[in-house]
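Chains A and B supply the protein sequences, listed in that same order. Those letters in the first sequence? Residues 1 to 310, by my numbering. Those letters in the second sequence? Residues 1001 to 1310, by my numbering.
Honestly, the hints are just simulated from the structure, not real lab data. Just so you know, even glycine gets a beta-carbon here, dropped at the ideal spot from N, CA and C. Some hints could be false.
The following residues of chain A were derived to be distant from chain B, with all beta-carbon distances above 12 Å [as the list claims (entries may be wrong)]:
| id | residue |
| --- | --- |
| 1 | E77 |
| 2 | P141 |
| 3 | A190 |
| 4 | E229 |
| 5 | Q287 |
| 6 | D304 |
The calculated PhoX-like cross-link candidates involving lysine-lysine, where the alpha carbons are at most 25 Å apart (straight line), are [what the hints assert, rightly or not]:
| id | chain 1 | residue 1 | chain 2 | residue 2 |
| --- | --- | --- | --- | --- |
| 7 | B | K1217 | A | K276 |
| 8 | A | K23 | A | K78 |
| 9 | A | K74 | A | K23 |
| 10 | B | K1276 | A | K217 |
| 11 | A | K161 | A | K217 |
| 12 | B | K1192 | B | K1166 |
| 13 | B | K1191 | A | K276 |
| 14 | A | K188 | B | K1205 |
| 15 | B | K1188 | A | K205 |
One letter stands for each residue in the lines below.
2 protein chains.
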Amino acid sequence: MSLLVVGSVAFDDIETPFGKSDKIVGGAGTYIALAASYFTEKLGIVSVVGDDFPKEMIDLMHQKNIETDGLQVKEGEKSFFWAGRYHNDMNSRDTLVTELNVLADFDPVVPESYKNCEFLMLGNLTPAVQMRVIEQLPNRPKMVVLDTMNFWMDIALDELKAVLKKVDVLTINDEEARQLSGEYSLVKAAKKIIEMGPRFLVIKKGEHGALLFNADKEVFFAPALPLEEVFDPTGAGDSFAGGFIGYLAHTKDISFDNMKRAIIFGSAMASFCVEKFGTEKLQNLSQQEVDERVQEFIDLVQFDISLVND
Amino acid sequence: MSLLVVGSVAFDDIETPFGKSDKIVGGAGTYIALAASYFTEKLGIVSVVGDDFPKEMIDLMHQKNIETDGLQVKEGEKSFFWAGRYHNDMNSRDTLVTELNVLADFDPVVPESYKNCEFLMLGNLTPAVQMRVIEQLPNRPKMVVLDTMNFWMDIALDELKAVLKKVDVLTINDEEARQLSGEYSLVKAAKKIIEMGPRFLVIKKGEHGALLFNADKEVFFAPALPLEEVFDPTGAGDSFAGGFIGYLAHTKDISFDNMKRAIIFGSAMASFCVEKFGTEKLQNLSQQEVDERVQEFIDLVQFDISLVND
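Here chain A stands alone, though its shape is the one from the complex (with noise of 0.2 Å):
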């Protein structure tokens, strides 16, 4: 197994200014399973549904080479269900409805053909869910990757500072780093954060890019695409993570200058998910549309300077 990605897979419904969704298929897992597929050979994700989750959307998980054997299907019980609404500017959203259904006592196991994956990805989750999925592996795997929210460091902070010694990468947004650190630098609040375990940190700030630090003070920044129209940002910082553990689990590399890559595609799966309701863009995307997204952002930013005093 080269990535297990471990997160949720539930259902959204989704209202922006340019319409509603309707009940559809999201999750950290989904998006994050499905991003990375476009660049992984071999990838099993660990969740939980209800059985009211679409067998179509398995079959589609199976056609993209990721396999199911980790994900618990709860007879009886429903998947878990969150509604949202965005405000005008993409940028704030508001909740409207949060169903836990079957991930209020979610206990992950990690099937046995997944505990030498040599990639672990741990999507938005409790904490402490995190951490048994990591306790299961008999193997520390090359690169761990874990994404959190706000909400745990209100609720969970403890227990999210424990995981915290367990991984390499912290994928996070501006304000969360914030608020983790103390400090409102994102320079100083790196350094503080990368004191606490994870020897990288990647900030997502959204429309305004991402930038990843390490513990020897370096930093890369990755800008988003600018887009016309930013559909539905719901999934983003899934899709963004996905391509990034992707393409370093298919390369595997995990030098700096090879992550800084990796950001590149995860930015541009990122770009691609915000183009359509949900899931829908990340599930039938060409080898040459991925490419040519990369080659925009390498337009985007490239520029040649010669310090040469004249």
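Based on these hints, arrange chain B on the given structure of chain A.
Just chain B now, with coordinates in the frame of chain A:
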């Protein structure tokens, strides 16, 4: 004359979470000219001050090869004065005092020796004053850059639109681009604004960097340098504009590729500006410091991706 800079030369009194500046020299024209002086050989300023303006600052301008024949000194009058207080996030501020003084009836006079300028930078001022400068030039400069702000969109939109038809590059921030175009998406906003006259649009996003758009729908993005501390953001946009136009005036190359380089040099000057109160940091930089800062920008964004499929 290589570059003509028009803009306020004034006093500021700035309060940030880090302290209080008391009354110091500021003004868009001052920041632009100082930042540009690191690149251009021949640079002249058109502005107005009262007899309260310190001779030492004018001497400093001369040391930096900034000609002041176009700087009117009004006897018995006072220089423009602005006082403001930044909030903790440094992204928003309250204006405490605005005393227009000599700026209230400023009638710009371009000296004969400036009239053949190759590059013209119109700093933020009444659009009618910006227009009067353009009208005094017998030949159109190679490139005219205009900076403005939401205030003029509110009270002098027609005059602003008239002057927009006369310029090559407009520099505004993201909120102003949205206000001027009526579009939330910056890509759509850029398209509409470029239809208003300027062939190029620079959208300044403060700590989130800057975007350069052209009429062929090409786009370039430069980040802001992630800094440990932003000490005083006053003048950052003007320092950006000064570095940008100064580099273009020095290289005399207005290709899109060279404008990308100019954006990076502008971003470098802005990053220096915010490290101290007012113009302090821009007064004494070495060529080596500028080069090292630009190298930091290169390191921040450059990556190497081969898109050959394997």
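Taking the hints in turn, this is what the structure says about them:
In this structure E77 of chain A is separated from chain B by more than 12 Å, as the shortest Cβ-Cβ distance comes to about 41 Å. For P141 of chain A, the requirement that its beta carbon stay farther than 12 Å from each beta carbon of chain B is met, with the minimum near 23 Å. In this structure A190 of chain A is not separated from chain B by more than 12 Å, as the shortest Cβ-Cβ distance comes to only about 8 Å. At roughly 6 Å from the closest C-beta of chain B, the C-beta of E229 of chain A falls inside 12 Å, breaking its exclusion from the interface.
With a least beta-carbon separation of about 6 Å from chain B, Q287 of chain A fails to lie farther than 12 Å from that chain, contradicting its non-interface assignment. Distance check on D304 of chain A: its Cβ comes as close as 7 Å (rounded) to a Cβ of chain B, failing to clear the 12 Å threshold; non-interface status is violated. For the hint linking K1217 of chain B to K276 of chain A, the alpha-carbon distance of about 22 Å falls within 25 Å, and the restraint holds. A distance of roughly 13 Å separates the Cα atoms of K23 of chain A and K78 of chain A; the hinted pair therefore holds under the 25 Å criterion.
A threshold of 25 Å between alpha carbons decides the hint, and for K74 of chain A with K23 of chain A the separation of about 19 Å falls inside it, so the pair holds. Between K1276 of chain B and K217 of chain A the CA atoms are separated by roughly 22 Å; this keeps the pair inside 25 Å, and the hint holds. A distance of roughly 21 Å separates the Cα atoms of K161 of chain A and K217 of chain A; the hinted pair therefore holds under the 25 Å criterion. Among the hinted pairs, K1192 of chain B with K1166 of chain B is consistent with the structure: their alpha-carbon atoms are about 16 Å apart, no more than 25 Å.
Distance restraint check for K1191 of chain B and K276 of chain A: the Cα-Cα separation of roughly 22 Å lies within the 25 Å cut-off, and the hinted pair is therefore satisfied. Simply put, K188 of chain A and K1205 of chain B have alpha-carbon atoms about 21 Å apart, close enough for the 25 Å limit, and the pair holds. Pair hint K1188 of chain B plus K205 of chain A holds up; C-alpha atoms about 21 Å apart against a cutoff of 25 Å.
When held up to the earlier numbered hints, the structure conflicts with 3, 4, 5 and 6 and fits the remainder.
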